[in-house]
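*Asks:* Residues per chain are reported as follows:
There are 2 protein chains.
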Amino acid sequence: MGASATTTPELDAMNGGDGRFSYAKNSFLQGHSVNASKEKIGEAIAEKLDLKILLSTSKTIRIVDVGCSVGPNTFLAIQNIIESIERKYQAQYLNINQKPEFQVFFNDLTSNDFNTLFSSLPPNRQYFAAGVPGSFHGRLFPEGSIHFFYSCIALHILSKVPEELLDMNSPSWNKGRIHYINAPDEVVNAYATQYAKGIEIFLDARAKEMVSGGMAVMIFPANPTGIPYSQTFTGAMFELLESSLLDMAKEGKISEAQVDSFNLPMYVPSLEEMMELVQKNGCFDIEKMELTSPGVHASMTNTSSMGKAIVMHVRAGMERMLIQHFGSEIIDELFNRYAKKFEEFPHHVLPSKKVQLFVVLIRK
Amino acid sequence: MGASATTTPELDAMNGGDGRFSYAKNSFLQGHSVNASKEKIGEAIAEKLDLKILLSTSKTIRIVDVGCSVGPNTFLAIQNIIESIERKYQAQYLNINQKPEFQVFFNDLTSNDFNTLFSSLPPNRQYFAAGVPGSFHGRLFPEGSIHFFYSCIALHILSKVPEELLDMNSPSWNKGRIHYINAPDEVVNAYATQYAKGIEIFLDARAKEMVSGGMAVMIFPANPTGIPYSQTFTGAMFELLESSLLDMAKEGKISEAQVDSFNLPMYVPSLEEMMELVQKNGCFDIEKMELTSPGVHASMTNTSSMGKAIVMHVRAGMERMLIQHFGSEIIDELFNRYAKKFEEFPHHVLPSKKVQLFVVLIRK
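Protein sequence lines, in the order shown, are assigned to chains A and B. If you count by the numbering used here, then the first sequence holds residues 157 to 520, one letter each, in order. If you count by the numbering used here, then the second sequence holds residues 157 to 520, one letter each, in order.
Hints listed in this document are in silico derivations from the structure and should not be mistaken for laboratory results. Please note: incorrect hints may appear among the correct ones.
Which copy is meant is left open, because identical chains are indistinguishable; a pair holds if it fits in one copy or across any two.
As the list claims (entries may be wrong) - Here are the computed lysine-lysine pairs in the DSSO-like style, where the Cα-Cα straight-line distance is at most 27 Å:
(1) LYS520 - LYS215
(2) LYS520 - LYS196
(3) LYS364 - LYS406
(4) LYS244 - LYS497
(5) LYS255 - LYS215
(6) LYS204 - LYS331
(7) LYS464 - LYS204
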C-alpha cells in the first residue's frame with residue numbers, strides 16, 4: 157500500500173486567497189480551456205462511459221480533479237462532468253429513482269490554498285466534496301476506488317527540475333536560460349526524460365486507483381509537431397519571462413548565476429510523446445487523443461486588457477516559485493517588464509494554433 | 157441525495173495556523189482525552205469490530221475523524237485506530253499479504269484551517285488522506301461508504317444557538333448569562349432540545365453513511381447525573397468566562413446587551429440523554445457507553461503552568477466566536493481577567509470527576 161505522494165518533495169502551488177494576484181481571480185485562460193472542452197467531455201461521457209459497468213460494484217461515482225487549484229474553474233468542470241454523467245445515466249437506465257451519489261475529490265499540491273477552495277465550494281452542489289493534498293506524481297487514492305479522473309492544465313508540471321540542468325560539467329547545463337526554448341538538444345532531452353518519468357508514475361498510479369471501465373479526461377498544453385516551441389503560446393509566455401529576467405541580470409538587479417540556476421519545472425509534450433507513454437503503460441484504451449485550440453483566439457489576446465490579464469495569469473501561477481528563488485523585492489519590476497514585452501509581442505502568431513492536447517482514456 | 161451540510165450556516169472553527177493562540181499549540185486537553193481513550197479504543201476494535209464483514213464488500217477501510225480541528229491530536233488518534241485495526245486484521249486473518257488500504261477523511265467546519273492540517277500530515281503515514289469541510293449536523297459522505305467514525309470533544313457543539321434565548325418575550329431569554337449555568341429550567345430545556353435535534357440529525361446522517369458492521373467511537377464532555385453543571389470542569393471553564401464578561405459589562409467596557417445576546421453554542425448532555433437519543437435512532441447497537449475521566453487530574457490543573465495552558469486552550473477554542481460578537485479590542489483584557497479568575501478557582505473540585513462520555517456504537 158501506499159500514499160507514496162508524501163515521499164516526493166513538493167513544488168509550490170498557485171497563488172492562494174482571492175487577492176489581486178490570486179489564481180482565483182486570474183485563471184481565465186484555464187477557464188477558456190474548461191469552456192472549450194465542455195462539449196468534448198460531454199460527448200466522451202455519452203459515447204464511451206459505461207455506467208452499467210461502473211455501478212455494478214458501487215452506488216457512488218467518485219470523481220477526481222487532479223491539480224484543481226482553488227476554483228472557480230474546477231467547480232464548473234465538475235458540474236459539467238456530473239451533468240453529463242446524469243444524462244448518460246438517464247439514457248442507460250429506466251429507473252431514475254436510484255440515481256447514483258457523487259463524491260468529488262479536489263486534488264492539488266499540499267501548498268495549494270485549500271481553505272479558499274473549500275470556502276468557495278458551490279453552496280447547492282449535488283455532490284459530497286473532499287480535498288486531497290499531494291502530488292499527482294504518486295498514489296493519492298485506494299486501489300480501484302475512482303471512476304473518473306479529470307485534469308485541466310496541470311500535467312505539464314514536472315515533479316522536479318531535471319538535476320543535470322544545474323550541473324556545470326554536464327552538456328545539459330542550462331546556462332542563461334530558464335527553460336528549453338532555443339536550448340541545445342541535451343537540455344530538451346533532460347526535460348523530456350523527466351517528463352516521461354513523471355507521466356509514467358502518474359499513469360501507473362491512476363491505473364491502480366481506477367476501476368475497470370473508469371474514464372480519465374486530461375487537457376494540457378501540447379506542442380504541435382513541426383512548430384518551434386517558442387512560437388506556441390506557452391513557449392512565448394515563458395520566453396518573455398526569460399528575456400525579462402536576463403535584462404534584469406544584465407543590469408545587475410539579479411545575478412547571472414541566479415538566472416542560470418532557475419529552471420521552470422514544466423514541459424510541453426507532443427501528441428506522439430504522450431501516445432507512446434500511454435501505450436507503454438498498457439492499462440488504458442485510448443478513446444481520444446487530439447490537438448485542440450485552448451479557446452483563446454488571436455483577436456482576444458490582441459486587446460490591451462487581455463494582454464494585462466495574461467500577465468496576471470502568469471503571475472498568479474508562477475509568483476511563489478519566482479519569489480522562492482529570486483526573493484520578493486524584484487517581483488513587481490519583473491512583471492512590469494514582462495507586461496511591456498508582452499505588449500510588443502506579435503500576438504497574431506499565437507493562440508489560434510492547436511496547442512492543447514485533449515485525451516480520453518478508459519481503464520481496461 | 158445529499159450534501160445537506162451545506163444548507164446549515166456554520167459556526168466558526170478553532171483558531172487556525174500555528175501561532176501562540178492556535179488550536180495546534182493549545183489542544184493539550186484534547187490530547188489527554190486522546191491518550192486516555194487510546195486503550196479503550198483498541199479494546200473496542202479488538203472485541204467488537206468484525207473485519208470479515210467490513211472487508212467482504214470493500215478492499216479499503218474508510219475512517220473519519222468528525223470535528224478533527226488542525227492536529228496534532230487527530231493524527232495520534234487516527235494512528236491508534238489504524239494500528240488497532242491492523243492488529244485485529246492479523247488476529248482475524250491468516251493471509252496478511254492482502255492487507256486492506258486505509259483512507260482517512262479529516263472533517264471539520266469549512267472555516268477550519270485545513271491548510272495547516274494538510275501541511276502537518278505525518279509524512280510517513282500509512283493511509284490516503286482527505287479533508288472534508290462541512291458541519292457534522294448533516295450528510296458528509298455517500299451512502300454506505302464509511303467503516304469507522306471517530307469523534308473526540310466535538311459533539312457538544314450545537315449547530316446553532318437556540319433562538320428563544322435571544323427573545324426578550326420568551327421565558328427562555330438568557331439575560332445576564334452566556335450559557336445555562338445557574339439558569340432557569342426554560343433556558344436549560346432550550347439548550348437540551350437544540351442538542352437533541354442536532355444529535356438526531358448527526359446519528360441519522362452517520363447511519364446512512366456507515367456500512368453495516370461499521371463502528372463509531374465518540375468521546376465528548378458529559379454531565380455526571382446529580383452533579384451541578386457548574387461544578388464540572390467544562391461548566392467551570394464557561395462560568396469563569398461568563399463572570400469575566402459580566403465584570404467588563406459592569407465597568408462599561410462592553411454593553412450588557414452584548415452579553416445578553418451572546419450564548420455559547422454548546423451543551424453537555426448526561427449519559428441518560430445520549431442513551432435515549434441513540435435508542436430513538438434505532439440504527440446502532442450500543443456496545444459501550446460509560447462516563448470516564450478526561451485524563452486531566454486535579455493535581456495537574458493545580459499548577460500555575462497548567463492553569464495558564466487551560467486558559468490558552470479556551471482562547472484557542474473560542475477566540476473567533478468571541479471576536480465576532482464583541483470585537484477584537486476586548487480579547488486580551490478578557491483573557492487576562494479570565495486567567496486571574498482561573499488562578500483563584502478551587503481546582504480540587506474539578507477534573508478528577510468522570511465528565512466525559514465514551515461511546516462505542518456498531519451500525520446494525
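*Asks:* When no copy is specified for LYS464 and LYS204, does a C-alpha distance of 27 Å or less occur within a copy, between copies, both, or neither?
*Replies:* Cα proximity of LYS464 and LYS204: none, with 40 Å in one copy and 63 Å across.
*Asks:* For LYS204 vs LYS331, is the C-alpha pair at or below 27 Å within one copy, between two copies, both, or neither?
*Replies:* So LYS204 and LYS331 fail the 27 Å test inside a copy (47 Å) and across (64 Å) alike.
*Asks:* For LYS520 and LYS215, with the copy left unspecified, which applies at a CA distance of at most 27 Å: within, between, both, or neither?
*Replies:* both (20 Å within a copy, 19 Å between copies)
*Asks:* If the cutoff is 27 Å on CA atoms, where do LYS364 and LYS406 land: within, between, both or neither? Let me know, please.
*Replies:* Neither: 50 Å inside a chain and 65 Å across chains, both beyond 27 Å.
*Asks:* Taking 27 Å as the upper bound on the Cα-Cα distance, should LYS520 and LYS196 be classified as within, between, both, or neither?
*Replies:* Within one copy only: 21 Å inside a chain, 45 Å across chains, cut-off 27 Å.
*Asks:* Given identical chains, is LYS255 near LYS215, meaning Cα to Cα at most 27 Å, within a copy, between copies, both, or neither?
*Replies:* Both: 8 Å inside a copy, 24 Å across copies.
*Asks:* Should LYS244 paired with LYS497 be assigned to within, between, both, or neither, using CA atoms and 27 Å as the limit?
*Replies:* Neither way: LYS244 and LYS497 sit 47 Å apart in one copy and 65 Å across, limit 27 Å.
In summary, the numbered hints that this structure violates are 3, 4, 6 and 7.
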